[in-house]
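J.: Going down the list, the sequences are from chains A and B.
Position 51 (the first sequence) corresponds to 51 in the working numbering; numbering is contiguous.
The working numbering runs 1000 ahead of the 1-based position in the second sequence.
Take the hints with a grain of salt, since some may be wrong.
Claimed, not checked - So the derived list for chain B, only partly shown, Cβ under 10 Å to chain A, looks like this: (1) His-1094; (2) Pro-1370; (3) Val-1376.
Calculated directly from the structure, the hints in this document are not laboratory data.
Positions of the beta carbon are idealized from the N, C-alpha and C atoms, including for glycine.
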Amino acid sequence: MTQVVLLGPQRPEPTVGDAVRALTSDGETVGVISAGWQEAENDLDDLSEIINRPLADLLVYARCESLLERSPELARAHHERQATLQSLQRLYRRRLQHLINAAVDIFEVDDTLVPLDQRHAITQVRALDRHHLQRVRAAHAAFIEETSAFDSAPRDALRAQIEQILADVSTVVITGGNVGALMSRMRLLGLGDLLADKHIVAWSAGAMALCERVVLYHDLAPQGRRDAELFDEGFGVVPGVVALPNARRRLDETQPTRVGLMARRLAPRRAIALDNPTQLTLAGGVLRGAVNARQLTRSGTLKAVRAR
Amino acid sequence: MNPALKALIGDGAPDAAAIDAFIDRNRFPLVDRHGVTFVFRGEAESVLLRCFMSGLPGPQPLTRVADTDLWVVTVEFPEASRIEYKFEVSRDGHGEMILDPLNVVQARDPFGANSVCQGYGYTRPIWTLDDSTAREGKLRRHRFHSDAFGEQREILVYLPATFRRNRRYPLLICHDGADYVRYAALKTVLDNLITDLDIPPLVVALTQSPDRLVEYAGNDAHARFISEDLLGYMTASYPLIDERRSRAVMGASFGGVASLHASWSAPELFGKLLLQSGSFAFSDFGPHSRGEVFDPVVDFVNRFRASPRQCADRVYMSCGVYESLIYENRSLVPRLQADDMEVRFEEVRDAHNWENWRDRLRSALSWLFPGPNWVVYD
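Same shape as in the complex, but just chain A (with noise of 0.2 Å):
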């Protein structure tokens, strides 16, 4: 059975490395997904040191760059989806902070008339979660409909030369980086089917990309807090578990409404904190190990994560 490895930041200890040798054996090439890393993609040097094994680079942004390059009907079709995510997520993101705020207020009132209104409030917010979720589909489903008509040569050439590097590959590892990019360009190749009988280790965006739910968060960024947001539907490999890496810089502990409110949106998926140096293993999309990890929990603290 494969298995799926999530971790957290690779700093300050990397983990990856005994993740990926648990996984295969010496002179074993593994397949590295770092569309993450955009232009600095084939930075590989420091992830071959540490992982210890050959690699073999799926230049998947590379990949899609040319792609776009050679067509351009593709690329802008592309740029108008990014477009109109873009434009979803800025809308979704001003009711958000409404709803958020009415809902964070009701829980801070005492009174034993509230439960009712704290639950209508959490009902409130994930109705909004789930409606920009189905916008965001509705936009990936109408861009694979528009460039259904297209030529798919291009593409399906660069789909089987990943193809090709991952016969030979058991394990593929999916690194850090701009979530954003990291997904779309996987779907641009449609890298998800690609991946069903590997073993895939993956860390903090890649981590996140592989969950059913990809949400952005920071709440102790410069410019001050904003809340979470639904960003995309990921590619659900990993059921009932949402990621959230590096959760000691990023996560506001001592807002226990707020986290508590966090883990209600996510609910019934566990929002598990990622940081250095968590571990979760999953075989069969069940939770085998959990190694430093922290769920977030309703009451609004982080308990320790145990497998099932």
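We have chain A; now place chain B onto it with these hints.
T.: The following block gives chain B in isolation, referenced to the frame of chain A:
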């Protein structure tokens, strides 16, 4: 009265052993919600507290606790104040300025060091401290010929840890750059902010003038040095993003004047300004009262105020409310805004010093150069 002090002297004059124990038990100055109690121990004819700030009427005399060698004074500072100070201790008719012997927290500047009072509610920002997990950038020293000054000039250049020749970077030009590194932990701050994705990787040119009070005071030759010599050298030496919005100039005090003047002289080159406690002295009528060295500054600021023009798109300004320059800084904000510049102005409970400027760097730099921390998860 501070509770610890009250406990010490509540029952009359404490003996030496009680004072020893009091000193061992506490951190000084004593800080509580109601104020700061400065404490000096030693024989003296008088002890004065000299705070390097505007707002207090003058030096504050410490009072001797009866029949002891302990001297105290309590000053009410607003929450989150940060105050630099020294004691002036008089013995045998001679006064001597000294650091607070009971306080290990000190701030350095080009003139030496001061003791630091971290008032109630002030905490040194964590991102100003060395972080062993941050990726360390490099400082490189360069010399090049300046046509504007007709001589060689030396600069330091900060390169981010992930610097690669095949990528392009925004450029920040920092006046008094070596001092910023030495006294405001600029390199540590850059390493931390870049590692935390609060700002993108930047290249920073750190200049240090041999005669800053002249060159920074609205001096046209200096403006040419920045916009022609330095920018030309940096552009030829490093892969920089060739866009106005990716170039910023920064400085504090006279360095703030130099930054505004350089950008005002070449508005097509710089899109961002970071001005900390700028010495923006001006006179609405008649002579100013800040001394001769400010003459060219006042001349420039008066000209700027008479005919401001958009010299950047975004301007971050900060000033301490315990500075004599707070009025001048506040006055500049609407002038800048009137010319369609987006201005963020922060007032803080601090004075004209390097650690005030250090503590604002995250807010300033991340506003001028927002990092990718919303979408990048490394």
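J.: For every hint, state whether the structure bears it out.
T.: Evaluation of the provided hints:
1. His-1094: violated (48 Å)
2. Pro-1370: holds (7 Å)
3. Val-1376: holds (5 Å)
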